Amino acid sequence: RKEVEQDPGPFNVPEGATVAFNCTYSNSASQSFFWYRQDCRKEPKLLMSVYSSGNEDGRFTAQLNRASQYISLLIRDSKLSDSATYLCVVKRERSSASKIIFGSGTRLSIRP
Amino acid sequence: DVKVTQSSRYLVKRTGEKVFLECVQDMDHENMFWYRQDPGLGLRLIYFSYDVKMKEKGDIPEGYSVSREKKERFSLILESASTNQTSMYLCASREISGELFFGEGSRLTVL
Numbered sequence: 001r002k003e004v005e006q007d008p009g010p011f012n013v014p015e016g017a018t019v020a021f022n023c024t025y026s027n028s029a030s031q032s033f034f035w036y037r038q039d040c041r042k043e044p045k046l047l048m049s050v051y052s053s054g055n056e057d058g059r060f061t062a063q064l065n066r067a068s069q070y071i072s073l074l075i076r077d078s079k080l081s082d083s084a085t086y087l088c089v090v091k092r093e094r095s096s097a098s099k100i101i102f103g104s105g106t107r108l109s110i111r112p
Numbered sequence: 001d002v003k004v005t006q007s008s009r010y011l012v013k014r015t016g017e018k019v020f021l022e023c024v025q026d027m028d029h030e031n032m033f034w035y036r037q038d039p040g041l042g043l044r045l046i047y048f049s050y051d052v053k054m055k056e057k058g059d060i061p062e063g064y065s066v067s068r069e070k071k072e073r074f075s076l077i078l079e080s081a082s083t084n085q086t087s088m089y090l091c092a093s094r095e096i097s098g099e100l101f102f103g104e105g106s107r108l109t110v111l
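Protein chains in written order, with my numbering: chain A, 1 to 112; chain B, 1 to 111.
These aren't lab readings, by the way, just hints derived from the structure by calculation. It should be emphasised that the depicted structure is a prediction, and the values quoted were computed from it without experimental measurement. Careful, some of the hints might be misleading.
Stated by the list, open to error - In silico lysine-lysine, DSBU-like type, Cα no more than 30 Å apart, as pairs:
#  : chain 1 : residue 1 : chain 2 : residue 2
1  : A       : 45        : A       : 2
2  : B       : 70        : A       : 45
3  : B       : 13        : A       : 79
4  : B       : 70        : A       : 91
5  : B       : 57        : A       : 91
6  : B       : 18        : A       : 99
7  : B       : 71        : A       : 45
8  : B       : 3         : B       : 53
9  : A       : 99        : B       : 55
10 : A       : 45        : B       : 55
11 : A       : 79        : B       : 18
12 : B       : 71        : A       : 79
13 : A       : 45        : B       : 3
14 : B       : 18        : A       : 42
15 : B       : 70        : A       : 79
16 : A       : 91        : B       : 71
17 : A       : 79        : B       : 3
18 : A       : 42        : B       : 57
19 : B       : 13        : A       : 91
20 : A       : 79        : B       : 57
21 : A       : 91        : B       : 55
22 : B       : 70        : A       : 42
23 : A       : 99        : B       : 53
24 : A       : 91        : B       : 53
25 : B       : 70        : A       : 99
26 : B       : 55        : A       : 2
27 : B       : 55        : A       : 42
28 : B       : 53        : A       : 79
29 : A       : 2         : B       : 70
30 : B       : 13        : A       : 45
31 : B       : 13        : A       : 42
32 : B       : 55        : A       : 79
Claimed, not checked - Where chain A lies over chain B, by a calculated footprint (3+ residues, C-beta under 8 Å):
#  : segment
33 : 31-43
34 : 87-101
Backbone N, C-alpha and C fix where the C-beta goes; we use that ideal spot for every residue, glycine too.
Sequences and hints are given; from them, build the entire structure.
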C-alpha cells in the first residue's frame, strides 16, 4: 500500500463548478501536509499548506482530519486555469532531515 | 525569487552510458533532493542531501549515486544507464523545514 494515496482522476468538471479531492496517508507520525499543483510539462509548485484547523486561500480550502488520516482540497467557482494535476504531500521529521512523500496526483480538467 | 536550475531539459542516452544530471540552487538552501516522476507512480525520492558532502538514500536509490561537493550544487549520476531509468527527473531544494522549490525537470530517454 502506498504511504500517500490519491484518486488519479481525471476529474472533468464545467467552469464554475465546485470540486473536491481527498488524499489519505497511512503513517500516523506524519506531521505536515501540503497541496502542490503541477501544470502539464512543468514542475510542481506549492499551492497551500494544510493546517489542523483548516485553511482557506481565496477559492481554495484545505482541511485535515488526523483521526481518519485524510486531507482534502476544495476548489470553488473553478476556472479554466485551475486545470492541472494536484499533488498531496506529507512530511514527517526524521533525525537527519524530513521525509517528504508525494501522492501520485489527481488530474483536474475544467471545461468551458 | 528562488531559482533551481537543472542543466539539461532533454537528454537521450544509450544503455550502459554514464549520465550526469546537474542541479544548482541560488538560495543557500541546506536540503536538496532528486526525485523521478513516472505516470501513475508520482514523485519518488531517489536521494537527498541535508548538507555539503552529506547524502541519504531515498526510496529508490538503486542504480543511482549523488554528489554534493558545494552547497549550491547537487548532482545525480547514473553509472550505467538502463532503459528502466527513462523518466522525468526533478531536483528540489529547501531551507530546513521550508517549502520545496523544484527545477523544471530533466526528461531522460535511455535507448
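Checked hints:
| no. | hint | in the structure |
| --- | --- | --- |
| 1 | 45(A) / 2(A) | holds, 22 Å |
| 2 | 70(B) / 45(A) | holds, 25 Å |
| 3 | 13(B) / 79(A) | violated, 40 Å |
| 4 | 70(B) / 91(A) | holds, 26 Å |
| 5 | 57(B) / 91(A) | holds, 16 Å |
| 6 | 18(B) / 99(A) | holds, 28 Å |
| 7 | 71(B) / 45(A) | holds, 22 Å |
| 8 | 3(B) / 53(B) | holds, 21 Å |
| 9 | 99(A) / 55(B) | holds, 13 Å |
| 10 | 45(A) / 55(B) | holds, 24 Å |
| 11 | 79(A) / 18(B) | violated, 44 Å |
| 12 | 71(B) / 79(A) | violated, 40 Å |
| 13 | 45(A) / 3(B) | holds, 12 Å |
| 14 | 18(B) / 42(A) | holds, 26 Å |
| 15 | 70(B) / 79(A) | violated, 43 Å |
| 16 | 91(A) / 71(B) | holds, 23 Å |
| 17 | 79(A) / 3(B) | holds, 28 Å |
| 18 | 42(A) / 57(B) | holds, 25 Å |
| 19 | 13(B) / 91(A) | violated, 34 Å |
| 20 | 79(A) / 57(B) | violated, 40 Å |
| 21 | 91(A) / 55(B) | holds, 18 Å |
| 22 | 70(B) / 42(A) | holds, 27 Å |
| 23 | 99(A) / 53(B) | holds, 19 Å |
| 24 | 91(A) / 53(B) | holds, 23 Å |
| 25 | 70(B) / 99(A) | holds, 22 Å |
| 26 | 55(B) / 2(A) | holds, 24 Å |
| 27 | 55(B) / 42(A) | holds, 26 Å |
| 28 | 53(B) / 79(A) | violated, 45 Å |
| 29 | 2(A) / 70(B) | violated, 34 Å |
| 30 | 13(B) / 45(A) | holds, 29 Å |
| 31 | 13(B) / 42(A) | holds, 22 Å |
| 32 | 55(B) / 79(A) | violated, 42 Å |
| 33 | 31-43 | holds (count 7) |
| 34 | 87-101 | holds (count 5) |
The structure does not agree with the numbered hints 3, 11, 12, 15, 19, 20, 28, 29, 32 stated previously, though it agrees with the rest.
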